[in-house]
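Model the full assembly from the supplied sequences, consistent with the hints where possible.
1 is the number of the first residue of the sequence shown in full-length UniProt numbering; add one for each residue after it.
Take the hints with a grain of salt, since some may be wrong.
Claimed, not checked - DSSO-like, lysine-lysine: derived pairs with alpha carbons at most 30 Å apart:
id, residue 1, residue 2
1, Lys248, Lys69
2, Lys204, Lys221
3, Lys204, Lys248
4, Lys52, Lys119
5, Lys311, Lys221
6, Lys221, Lys91
7, Lys119, Lys91
8, Lys91, Lys113
9, Lys91, Lys69
10, Lys52, Lys311
11, Lys119, Lys69
12, Lys52, Lys113
13, Lys52, Lys91
14, Lys119, Lys204
15, Lys311, Lys204
16, Lys52, Lys204
17, Lys248, Lys52
18, Lys221, Lys113
19, Lys248, Lys221
20, Lys91, Lys248
To be verified - With beta-carbon atoms standing in for the labels, derived distance ranges:
id, residue 1, residue 2, range
21, Thr156, Gln294, 19 to 29 Å
22, Asp219, Gln132, 14 to 24 Å
23, Ser105, Glu182, 38 to 48 Å
24, Arg309, Lys204, 33 to 43 Å
25, Arg163, Thr101, 46 to 56 Å
Hints listed in this document are in silico derivations from the structure and should not be mistaken for laboratory results. Positions of the beta carbon are idealized from the N, C-alpha and C atoms, including for glycine.
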Amino acid sequence: MSSPQAPEDGQGCGDRGDPPGDLRSVLVTTVLNLEPLDEDLFRGRHYWVPAKRLFGGQIVGQALVAAAKSVSEDVHVHSLHCYFVRAGDPKVPVLYQVERTRTGSSFSVRSVKAVQHGKPIFICQASFQQAQPSPMQHQFSMPTVPPPEELLDCETLIDQYLRDPNLQKRYPLALNRIAAQEVPIEIKPVNPSPLSQLQRMEPKQMFWVRARGYIGEGDMKMHCCVAAYISDYAFLGTALLPHQWQHKVHFMVSLDHSMWFHAPFRADHWMLYECESPWAGGSRGLVHGRLWRQDGVLAVTCAQEGVIRVKPRVSESKL
Numbered sequence: 001m002s003s004p005q006a007p008e009d010g011q012g013c014g015d016r017g018d019p020p021g022d023l024r025s026v027l028v029t030t031v032l033n034l035e036p037l038d039e040d041l042f043r044g045r046h047y048w049v050p051a052k053r054l055f056g057g058q059i060v061g062q063a064l065v066a067a068a069k070s071v072s073e074d075v076h077v078h079s080l081h082c083y084f085v086r087a088g089d090p091k092v093p094v095l096y097q098v099e100r101t102r103t104g105s106s107f108s109v110r111s112v113k114a115v116q117h118g119k120p121i122f123i124c125q126a127s128f129q130q131a132q133p134s135p136m137q138h139q140f141s142m143p144t145v146p147p148p149e150e151l152l153d154c155e156t157l158i159d160q161y162l163r164d165p166n167l168q169k170r171y172p173l174a175l176n177r178i179a180a181q182e183v184p185i186e187i188k189p190v191n192p193s194p195l196s197q198l199q200r201m202e203p204k205q206m207f208w209v210r211a212r213g214y215i216g217e218g219d220m221k222m223h224c225c226v227a228a229y230i231s232d233y234a235f236l237g238t239a240l241l242p243h244q245w246q247h248k249v250h251f252m253v254s255l256d257h258s259m260w261f262h263a264p265f266r267a268d269h270w271m272l273y274e275c276e277s278p279w280a281g282g283s284r285g286l287v288h289g290r291l292w293r294q295d296g297v298l299a300v301t302c303a304q305e306g307v308i309r310v311k312p313r314v315s316e317s318k319l
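Structure follows, in C-alpha cells:
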C-alpha cells in the first residue's frame, strides 16, 4: 500500500474541547464507516488517496473495523498483524471478508481478507482480549518534548517554506501538492528540519498526532481503528531520513504492519508518535513506533517493514 513520506501535516493548536456531533471526525463518519453486505462481509470506500495506490493506513483501519464487528462488546483488540499483498486500486471499493478463527473465554482471533477484482490485496489477523488486571506492569518513559500547544502546524510550516525563494524554486510542485492535501489527521512535528538542511539526519522523528474532528469517548474499538489509520502516515519515511539528501525515492510501499494496544486512549486527543528505523538494507526498511498519551502512558506500539527503492539525486549545475 502507499506509504506517504511527505512532510508532516497538521492544523490547529492545543487541546480542543468536545464540539457538537456535527463536527465529528471524517474518519468515523466516512473512512471507517463500512457498509455491511452480509454476515462478516463489508464494503469500504476511500476518502484520501495520496498516490495511485490506496493508503495502507486506510486498509488497516477498515480491516480492524470489520474484525471488531464480529466480536462481543466486552473484548478489545490487543494486537494485529497484517500483510499487504497487492496494490490497492483507488477506483473501486474494497471488500472485507471476516473469518471467526477462534472465540475463547479470554482471547478471540479474527482473520480478515481485503479483496479487489476477485483477488486479495491485504490479509490481517487481529486478536481481542477480555480485560484481565495484572500486578506485573512496566513501560518505557515517554520522551521529553515540547507540548503541541508550543509547536507549529503544517499549514504554517508549508507557508514558511513557500516564502523561501530557494525552496520555492527547488520544490514548488511538492510543496503545493502537500499544502493541497486534505489529510484527515493533524500532525505537528516536534523538531522539523529545514528542507535546506537534510544532511546527517538520524532515522528518527517525533510528532504530535490526532484525528481531525470529534470522536468522543465512544467505543474504544473505534479509537483503535482510528489509531490504525493514523499509524501508517509518514511511518516508513522514517527510514529515508539519513538518505534523502543523497537519494530520491523511486518506489516505496509497505509490506507488513503490526500493532499492539496497551492502554485506553482517545484518537481525537493529541498523542506523541515516536518513530525510529533501526535498520535498512536489501531495498527494505524497518521502522518501529510508539504512540504516547500526553500524560506519559504508552498507548500503542507499532512496527512495519516496507520496500524502498531509490535512485541517486542529480546535482543541479552551478553554471
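The hints, checked one at a time:
With a C-alpha separation of about 41 Å, the suggested pair lysine 248 and lysine 69 falls outside the 30 Å cut-off, and the hint is violated. In summary, the hint linking lysine 204 to lysine 221 is supported, as the alpha carbons are separated by about 29 Å, within the 30 Å threshold. For a cut-off of 30 Å, the pair hint linking lysine 204 to lysine 248 stands: about 18 Å separates their Cα positions. The straight-line distance between the Cα atoms of lysine 52 and lysine 119 is roughly 18 Å, inside the 30 Å bound, and the hint therefore holds.
The suggested pairing of lysine 311 with lysine 221 is violated, with an alpha-carbon distance near 41 Å, which exceeds 30 Å. Of the supplied pair hints, the one linking lysine 221 and lysine 91 holds, its CA atoms being roughly 28 Å apart against a limit of 30 Å. Our distance criterion of 30 Å between C-alpha atoms is met by lysine 119 and lysine 91, whose separation comes to about 15 Å. Annotation: proposed proximity of lysine 91 to lysine 113 holds, straight-line Cα distance about 19 Å (limit 30 Å).
Only pairs whose Cα atoms come within 30 Å are accepted, and lysine 91 paired with lysine 69 is accepted, the gap being roughly 26 Å. Simply put, lysine 52 and lysine 311 have alpha-carbon atoms about 20 Å apart, close enough for the 30 Å limit, and the pair holds. Taking the CA atoms of lysine 119 and lysine 69, the gap is near 23 Å; set against the 30 Å cutoff, the hint holds. The hinted pair formed by lysine 52 and lysine 113 meets the criterion: a straight-line CA distance of about 21 Å does not exceed 30 Å.
Our distance criterion of 30 Å between C-alpha atoms is met by lysine 52 and lysine 91, whose separation comes to about 9 Å. Of the pairs offered as hints, the one joining lysine 119 and lysine 204 is violated, with about 36 Å between alpha carbons and a cut-off of 30 Å exceeded. Taken as a hint, the lysine 311 and lysine 204 pair is honoured in the structure, with Cα atoms around 22 Å apart against an allowance of 30 Å. Restraint check for lysine 52 and lysine 204: satisfied, since their Cα atoms lie roughly 27 Å apart, inside the 30 Å limit.
Between lysine 248 and lysine 52 the CA atoms are separated by roughly 18 Å; this keeps the pair inside 30 Å, and the hint holds. A threshold of 30 Å between alpha carbons decides the hint, and for lysine 221 with lysine 113 the separation of about 19 Å falls inside it, so the pair holds. At roughly 38 Å between alpha-carbon atoms, lysine 248 and lysine 221 are farther apart than 30 Å, so this suggested pair is violated. For the suggested pair lysine 91 and lysine 248, the alpha carbons sit about 28 Å apart, so the restraint of at most 30 Å is met.
Between threonine 156 and glutamine 294 the Cβ separation comes to about 21 Å, which falls inside the hinted range of 19 to 29 Å. The hinted range of 14 to 24 Å is satisfied by aspartate 219 and glutamine 132, whose Cβ atoms lie roughly 19 Å apart. About 44 Å separates the C-beta atoms of serine 105 and glutamate 182, a value consistent with the hinted range of 38 to 48 Å. Distance hint check: the CB atoms of arginine 309 and lysine 204 are about 22 Å apart, inconsistent with the given range 33 to 43 Å.
The given range of 46 to 56 Å is respected by arginine 163 and threonine 101, whose C-beta atoms sit roughly 54 Å from each other.
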